[in-house]
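Whole structure, please, built from the sequences with the hints as guidance.
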Amino acid sequence: MTQISSDVIRGYNDTMILYLLLDEPSYGYEISKQIKALSDEKYCIKETTLYSAFTRMEKNGYITSFDGSNPDTGKRRTYYRITDAGRQYYQQKCLEWQVTKEVVEQFIKKEGEL
Amino acid sequence: MEAIRNYLETMFVNLPNTPEVQRAKYELGQMMEDKYNELIAKGKTENEAIGTVIAEFGNLDELAESLGIDSYLRKDTYQTGRMITMEETRDYLRDNSKNAFLTALGVLLCITSPVGTIIMGAVGEQFLGQSAIFNALGVMCLFAFIAIAVAIFIFSGVMMSKWKYLETQHCCLDFATTEYVHDQRNLYKTVHALLLSIGIMLCIFCATPAIIADALHVSGYFEDMMGAGVLLIVAVGVFMIVMTSIRMGGYTKLLRVNNQDSMGGQYVDSQKNEHYDNKTVAVIMSVFWPTVSCIYLVWSFLTFDWYITWIIWPIASVIHKLIKNIWSN
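Here the protein sequences line up with chains A and B, keeping their order. Residue numbers in the first sequence follow my numbering, run continuously in steps of one, and reach 114 at the last position. Residue numbers in the second sequence follow my numbering, run continuously in steps of one, and reach 443 at the last position.
It is possible that some hints are incorrect.
[As the list claims (entries may be wrong)] Once the Cα atoms are required to be at most 30 Å apart in a straight line, the calculated DSSO-like pairs of lysine-lysine come out as:
#1 Lys156/B with Lys75/A
#2 Lys156/B with Lys33/A
#3 Lys46/A with Lys158/B
#4 Lys276/B with Lys303/B
#5 Lys158/B with Lys33/A
#6 Lys393/B with Lys36/A
#7 Lys101/A with Lys36/A
#8 Lys59/A with Lys139/B
#9 Lys36/A with Lys139/B
#10 Lys139/B with Lys46/A
#11 Lys36/A with Lys46/A
#12 Lys33/A with Lys93/A
#13 Lys33/A with Lys139/B
#14 Lys367/B with Lys139/B
#15 Lys156/B with Lys46/A
#16 Lys75/A with Lys158/B
#17 Lys156/B with Lys42/A
#18 Lys42/A with Lys158/B
#19 Lys36/A with Lys158/B
#20 Lys36/A with Lys75/A
#21 Lys139/B with Lys75/A
#22 Lys42/A with Lys139/B
Since the hints were derived computationally from the structure, they do not count as laboratory data.
Given below as structure tokens:
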């Protein structure tokens with residue numbers, strides 16, 4: 001099992017984060033944990049990457065932050081909530097990925113064809 | 115958890131102290147804390163957890179753009195700024211304590227240097243009726259004291275010269291070291307206050323022996339001895355003040371090493387310099403105390419009204435406070 005390098009996936013950190021925020025607001029560690037779990041531990045997002053994505057998307061108006069407390073631990077954390085602009089951006093990124101995938105796919109040989 | 119906190123503090127130590135940077139540090143700290151706690155809960159050892167958290171932290175370069183710290187990360191201040199190690203810090207504090215003692219001893223010797231002359235003169239007159247040889251001995255005593263004092267000053271000067279770089283170079287202290295110095299300073303504070311107040315008290319009460327001698331109407335030999343006593347009391351008082359001030363100064367100097375505008379600078383509460391937004395006020399305030407001293411001295415010497423001229427100090431202090439509250443940010 002290979003780990004994904006952060007260079008390759010850079011353009012899609014936003015997509016992953018927005019996906020996790022679609023249903024409900026969440027906070028830093030929770031999101032990084034979910035990314036790790038959903039990717040089957042193949043991708044582990046660095047704290048600095050995550051935080052810079054938060055600040056960038058907040059600046060662009062895709063997410064907003066608020067203070068909340070974790071219902072389980074009661075600890076106060078900065079929660080992020082997706083905005084309408086964020087949802088639009090997310091859809092856009094999904095379409096972009098479809099195209100990207102199709103394009104890159106054209107250049108990929110399956111194992112055995114080599 | 116301590117190790118993680120130190121790591122984070124050290125990463126941020128040279129970054130500018132702005133709300134964005136503070137928030138970033140806080141948020142990153144929270145994420146690391148959450149991750150660490152979860153790893154521990156999963157049964158990882160402390161070292162494994164710390165290793166994982168630090169390995170997955172990432173790189174501050176990624177934050178450069180969003181925090182507007184590009185220039186800081188590129189600029190050489192990011193790496194350079196000579197890092198002062200814990201070892202060096204301990205060495206410095208030890209040398210500084212020695213220096214404090216030696217310098218104070220030198221000052222003590224200078225102040226007490228006439229004591230020999232006084233005692234020898236008095237003894238000679240009292241018991242032998244002729245004092246020429248004793249006077250000579252007394253003068254030799256005086257020079258001997260001063261010579262020893264000068265030797266001590268030179269020695270401690272040379273000893274401290276290797277720490278010159280603290281002033282001339284751009285240095286910085288990491289978080290753990292700063293905390294250590296801070297703790298040491300807090301520990302020393304009580305002793306400092308005690309030595310300082312006893313020292314000042316001794317200086318104030320130094321005339322007591324002379325007053326007693328006066329009250330008892332003694333004269334000659336005993337009176338001279340009392341004169342020497344005054345000097346001795348002053349010398350001990352000054353010794354305490356000088357020693358403790360230099361020692362305390364060492365802690366403060368180390369804590370001031372970190373640039374005040376950087377994240378590292380905020381460890382210290384004692385370095386609150388006054389900042390005035392208004393340029394004119396800033397210029398005036400920079401010469402405030404020297405001007406007050408001048409007025410005090412000129413007024414006092416011209417009128418010789420020493421009994422009242424001290425009133426300048428409380429008044430100046432109130433004015434200073436007032437200006438500070440109005441214009442200082």
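Discussion item. So if I understand the rule, the pair passes when the alpha-carbon distance is 30 Å or less; does Lys36/A with Lys158/B pass?
Written reply: Holds, at about 18 Å.
Discussion item. So if I understand the rule, the pair passes when the alpha-carbon distance is 30 Å or less; does Lys42/A with Lys139/B pass?
Written reply: 27 Å, holds
Discussion item. Check whether the Cα positions of Lys46/A and Lys158/B lie no farther apart than 30 Å.
Written reply: Answer holds: Lys46/A to Lys158/B is near 20 Å, not above 30 Å.
Discussion item. Can you confirm whether the C-alpha distance between Lys139/B and Lys46/A stays at or below 30 Å?
Written reply: 14 Å, holds
Worksheet item: Does Lys59/A pair with Lys139/B here, judged by a C-alpha cut-off of 30 Å?
Response: Status holds; Cα separation ~18 Å.
Discussion item. Lys393/B and Lys36/A were given as a pair; does the straight-line alpha-carbon distance stay at or below 30 Å?
Written reply: Violated: Lys393/B and Lys36/A sit about 54 Å apart, past 30 Å.
Worksheet item: Straight-line Cα separation of Lys36/A and Lys75/A no greater than 30 Å?
Response: Holds - the C-alpha atoms of Lys75/A and Lys36/A are around 22 Å apart, at most 30 Å.
Item to complete: Would you check the hint for Lys156/B and Lys75/A, treating anything up to 30 Å between C-alpha atoms as holding?
Response: With a Cα-Cα distance of about 19 Å, the restraint between Lys156/B and Lys75/A holds, given a limit of 30 Å.
Worksheet item: Taking 30 Å as the top limit, are the C-alpha atoms of Lys276/B and Lys303/B close enough?
Response: Since the Cα atoms of Lys276/B and Lys303/B sit roughly 26 Å apart, the hinted pair holds (cutoff 30 Å).
Worksheet entry | Hint consistency between Lys156/B and Lys33/A [alpha-carbon to alpha-carbon, up to 30 Å] | Holds, at roughly 14 Å.
Discussion item. Hinted pair, alpha-carbon criterion (30 Å max): Lys42/A, Lys158/B. Please report holds or violated.
Written reply: Judged against 30 Å, a Cα distance of about 20 Å means the pair holds.
Worksheet item: Is the Cα-Cα distance between Lys139/B and Lys75/A 30 Å or less?
Response: 17 Å, holds
The earlier numbered hint that this structure contradicts is number 6, and it is the only one.
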